[in-house]
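Asks: Chains as they are written, first to last, in this note's numbering: chain A, 1 to 407; chain B, 1001 to 1311; chain C, 2001 to 2114.
A portion of the hints provided could be inaccurate.
Simulated coverage check for chain B against chain A, where a stretch passes if three residues somewhere in it have a Cβ under 8 Å from a Cβ of chain A [said to hold, decoys possible]:
1) 1024-1037
2) 1126-1132
3) 1196-1202
4) 1205-1219
5) 1272-1281
For the record, the hints were derived by calculation from the structure and aren't laboratory data.
Just so you know, these numbers come straight off a predicted model, no measurement behind them.
The beta-carbon is built from N, C-alpha and C at its ideal position, and this holds for glycine as well.
Spelled out, the chains give:
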Amino acid sequence: MRKPDIFKVPIGPQHPALKEPESFSVSLSGEKILGVDIRIGYNHRGIEKACEERTYVQDVYLIERICGICSHTHATCFVQAVEEIAGLEVPKRGLYLRTLIAELERIHSHLLWLGVAGHEIGFDTLLMYTWRDREIVMDVLADLTGGRVNYGMNTIGGVRHNITPEQAQKVLTAMDKLEEQTKYYIELALGEATLAARLSGVGVLSHEDCVKLGAVGPTARASNVDRDTRRDDPYAAYGDVSFSVITDDHNDVFGRTVVRVKELMESYSIIRQLLKNLPEGPIAVKAPRKIPIGEAVSRYEAPRGEDVHYVKANGTEKPERVKVRAPTLANVQAVKKMLENRYLADLPIIIAAIDPCFSCTDRMINIREVASKNSRIMEWETLRQKGIEHYRKQGIDFSKVKITQSF
Amino acid sequence: MIHSLFLLLIFPGFIFLSIFGTYAEFVDRKLYARLQNRMGPPWFQPLADFIKLLAKEDVVPECAVPGIFRIMPIFALAATTTAFCYVPVWSTHSLYPFSGDVIVVLYLLTIPTITFFLGGWYSTSLFARIGSVRGITQLFAYEVPLFMSILAAALLANTWSLTDITLFYSRHPSYTFFNIIGFAVSILALIGKLEKTPFDIPEAETEIVAGSFTEYSGRLFAFFRLTIDIEMVVGAALLSAVFLPFGLTLGPIVGFILFIIKVLFIVGLLALIRTIVARLRIDQMINFCWKFMAPLALLQIIINLILKGVL
Amino acid sequence: MQPGKILNVVLRSLFKKPVTSRYPAEKLDMGDKYRGKLKFYQELCIGCKLCMRDCPSNAITIKKIGEKQFSAELDLGKCIYCGQCVDTCPKKALEATNNVELAQLDYSKERVVL
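Please construct the entire structure, taking both the sequences and the accompanying hints into account.
Replies: Printed below as a string of structure tokens:
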């Protein structure tokens, strides 16, 4: 008997299912997935290093651009760490506004995910409808902050834009409209047969595996891991609002969909509470340009899961070290498990179900020497020397180029 | 001679089919957009796409078999256009009727799928190969219900000629209502044939890029797209001739307008179905075809056999 | 569970006005607060260059052109429209407008004097 033909299909770095470059090299036997080799690192932008070259004020905007969807997430996480080092007490109103934008961002991220999930399984109508409704919250965000994607809301010591009662009213009207739509999406997600056929039992990640692989966010909560930074380690104004953490025990893509649409409903309730109890007062305190020596870790529940930032300050205007752990890094390990024994047709939706954000994940350069099998991390200078050597072999001399100020 | 050439090449042959095909594609896309609350493309968009593709470079992959790769789009186009010669348009009479032409039309409509398979397979791209295998797998699932439901209608009319089937049903319009199950089954099968959602598995964009067409570009791809448009019109015309044979005796002009309306109605129905469901997986699609569509088509045959005995 | 549950909503949207617009034939309303191209009030500028210092992308350049007269040059390609310079400016000499249609094919036109 002949051995079944195994062939490798390169899903990525360029593929219509993926919105960002990353590589899933899939071994297939017919339609069945036998194994998958995940490679990330196509989109390393060196943001952590660049942060060390800029002042704290500039870093807020750079960090905000780590991710296009959770821009507020990263900015808030970073400023929280800096505020902790500097010992700044952010005014209550500032914290409330920060939380308001955070929840609006969660709404737009989850609606976006729902549309992408629909597109991945060929249900483009869902994509068009959810993205249409997402425009409502995008307009609200543009009205509140002056930006649709990069809000520029955060600054060290508070927020930059205040909110008027008219704007608050607009937000509430938008929430009513979205709540009505979301109820329909819940009904649709639970009742549409073709959706259930494509989502149920796909990408199963058991509770034990989930804990073992350290998945976070809705991916974990759909496997019944009751974990949410907003409740477990309240930051900003989350200590003042009441909400429930949505968990589900379907363990599959269907469960992840249910968790996300139900979280939308929680977000509407949080926003209503925030606007009802919005305290009066200033929105920011003045931050010093030089942050005293210290280090801090900040946690934040992004729409995709827990985001962690580490900042080390050395008493100057610029941080000594910034480290970002985006939620996708925690979730991407689980994808391999989810893909076991599934079909090629399930691959796009399984990858999409963790709501991946690969550009945020690509961070460190780890060089492994094949001969000694030791891995080491290259210093900035050695890396530059290596680059100069590499190009000298090709006849281009870069050693005369002086880096006075990066960028 | 000149008359025949006019019929074959200009009206109602190739030129008319191309124009009507692109228009049907416009209706399909516009309706799809409006159902999704979008604006949709302007009326000339499919035509503009076609012209743009014609102007682009043809790229033949290095590993592909160039002969087969190049000839397949022409083959597909020829097959669908030929099929239209045997489908009645404005009257109960097709261009060149003969006994047994319904079988010929059904087989001619199978040829495009085979050409997609061959074109995809010989382009040697991984995605194209997966797509073409999926396409051929799908063919076996929807083709049987389609054949059975159309032949069930032929059975009741007691003829293997499309012209005679249409003639029979326009004499007894009430009999068409017995074929309602067959109509539903063949609409679903037509979706499979045209590779549209929920049966767009062979060209599922998010999974295998463009399936069989992944390596096609320029003129060759333009012809493939035109083929699909024409296939949509011919398929819809076939269904309207068999299942909606109304008003064919009212003269050529009324008959022609009714033909356009009927075809666009079926195209609209296809657009509606693809708006409201998600794409199925290949195993689910095959299950659906054999578990539901084939038994239903069989039921249609049984109904028609009983009717034939009774009437 | 039924297939095509969305059918009635789909049919209703057939008769609704489409939500997409014919951009660029129809202009979009960005709202007054939207951060777009900067506006520079030359008479207010004191040349402290704090905006240059805080700009995350080195997009703005303040140049001395005369006695207590300064010009501002902005690289539209570099500017990330964060509006930090507007916040930083002690004399409110900078302001963000809601002009967002700034795309250029010609790179040389991206450097503008405000």
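Asks: Just pull the numbers of the violated hints for me, sorted ascending.
Replies: Violated hints: none at all, because every hint is consistent with the structure.
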